[in-house]
Amino acid sequence: MFTLLQIELYKIFKRPRTYIAFAAITALIIIIQLGLKVDGKEYADFVLADLQNTLEINGKIINGYFVCYVILQLLLVHVPLLIALIAADMISGEANMGTLRVLLTKPISRTEFIIAKFLAAAIYTILLLIWIAVFALLASIIIFGTDDMFLVKNAYAVQIEKVDIFWRYIGAFCFAALAMLTVAALGFFLSNFAENSIGPIVATMSVIIVTTILSTMSIPLFNKIKPYLFTTHMVAWKEFFDVKVNDANETIRGTVQNADKIIRSSIVLIAHIILFVGASVWVFKKKNVLS
Amino acid sequence: MQNIISVKGLSKQFHNLTAVNQLSFTVNKGDVYGFLGQNGAGKSTTMRMLLTLIKPTEGSIEIAGMDLFKHRKEVLKNIGAVIEKPDVYKYLSSYENLSLFAKLSGIRLSRQQIMQQLATVGLEQRANDKVRTFSQGMKQRLGIAVALVHNPQIIILDEPTNGLDPQGIADIRNMILHLSNELKKTIVVSSHLLSEIEQIATRVLIIDKGKKLIEGDANELFDASQTIVEIETTNNNFAFEQLKQSSWNNFLLKERITKPVLKMNKKDIPQLHKDLITMNIELIAMQPKHSLEDYFLSITSNSQL
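These protein sequence lines are chains Z and W, in that order.
All letters in the first sequence, in the order written, are residues 1 to 291 by this note's numbering.
All letters in the second sequence, in the order written, are residues 1001 to 1305 by this note's numbering.
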């Protein structure tokens, strides 16, 4: 199993297309950081326009933590496409190249093979998120420095002390990894049914777009299925940045307002991953290799 | 001769299409077993079933005394295969490909061993070049090196000369003969070209529409002094049974499928005619072919109609 995983990782990182995602993310982060470095004050004034009449906000609004939050909000919508490029290619790409046929004539277990392939896609996904974390968080801290983070939510604003932020990002990135692994598992599952990569990649994105629309629409007909859609739960990483307040309306350090929501969403995402990977194993074991 | 592959009643149904129909055959240790049939006859489907790439609808496959589907990993350790095209990773070099497939086969080769394997297929000078820069013939040779990397006793080659130039075809033919004669491997090789199989096979199986037509010793089947006689009667099943019970049984080639076929000396045709009448077999036509190739071509042309 370990040898199979090693081989799969070797193949992934030997392919030039693997690095497209890393390059695209790096470019996007640099563009956002550059924009906020040059025009950060105007951006902050625009975001906080309504609050500045009622609140006096001191300190450095555009700091590394805030910039990372902005980057994550913008980037995590697009990262699924980059994940799908690899995960949805894992089986279909091999079928397209004809190598699936060659691989399965070797003395390897089909179950071990497909699990090793998913683990390789999962490791790629996690490495991509670590890359985002390094560039979006650490590079932003180096460029913009640190301070308390001030976030504007729908009906209120949240101020998080700078000493209380870093662990929240670790939590948010871990949760984002879970959300992206769900996307990887979906793409991987769909990859079983095609002999070229385009179909599963497009299908993965289509599923994400449709379920995201269903998750965000406030139509009673769809409200019943929303809790079961993985896209409803993918944005729960933001909950790490909502802090409990005491009776004096002061934030309580080290707390999360809706921890149960994070736990519930994690369970739903893990259930989806198990479902997609389990279905992939079942389909692949029965699959006739005709490519 | 030790039986190394035993296929019994193998069938594969794809929705409404029966790709392989109750196919049975045996391959002996050391055979170069030629698997002959026109395109779409069921050769590739059968070969894929021999490698567990396709699951049979019914039937059994035993290789080296083990049930293939119950002992898949164990059996595949002893098989090397090139199915249709020799596809490998084009973004890797031939060295990297060979090293990767060796690991997949459960063996670790030193650099020197990999270079030796590449040398046996004439690719040692291109060890570090990406496969995407290779010609079709070079890819084919690399595909064979990948198939042989774990030193299997059984080699399955599906249409190994497809798309090759004459020199490439000759190289593959010589390689097969070397594997058989020098290294004593058992080889199952398919082709839609009788002339190709004729030059290398020790035993031959001809299939059409997924059914076995002829299985036999290559020397006998390709014996030019013999004639293939196909007979058509008002009741072919009856004719087949009668012939089986007579002295003509030894000359019967064809399984009980459509028409009885005999391989015999041309001068014996009048006697056959007399015996058919004696056996109350009502003859419609008797078609002597000059050779197995004529017969094979007649099957091919009939199937294409």
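It is possible that part of the hints are untrue.
[What the hints assert, rightly or not] List of simulated lysine-lysine pairs, DSS-like, C-alpha gap at most 27 Å:
id, chain 1, residue 1, chain 2, residue 2
1, Z, K286, W, K1070
2, Z, K287, W, K1184
3, Z, K286, W, K1029
4, W, K1090, Z, K287
5, Z, K285, W, K1029
6, Z, K14, W, K1085
7, W, K1077, Z, K286
8, Z, K285, W, K1077
9, Z, K153, Z, K244
10, W, K1274, Z, K287
11, Z, K287, W, K1077
12, W, K1055, W, K1244
13, W, K1289, Z, K286
Keep in mind that the hints were calculated from the coordinates and are not lab data.
Item checked: Ascending list of hint numbers which this structure does not respect -> Of the numbered hints given earlier, those the structure breaks are 2, 3, 5, 10, 12, 13, listed in rising order.
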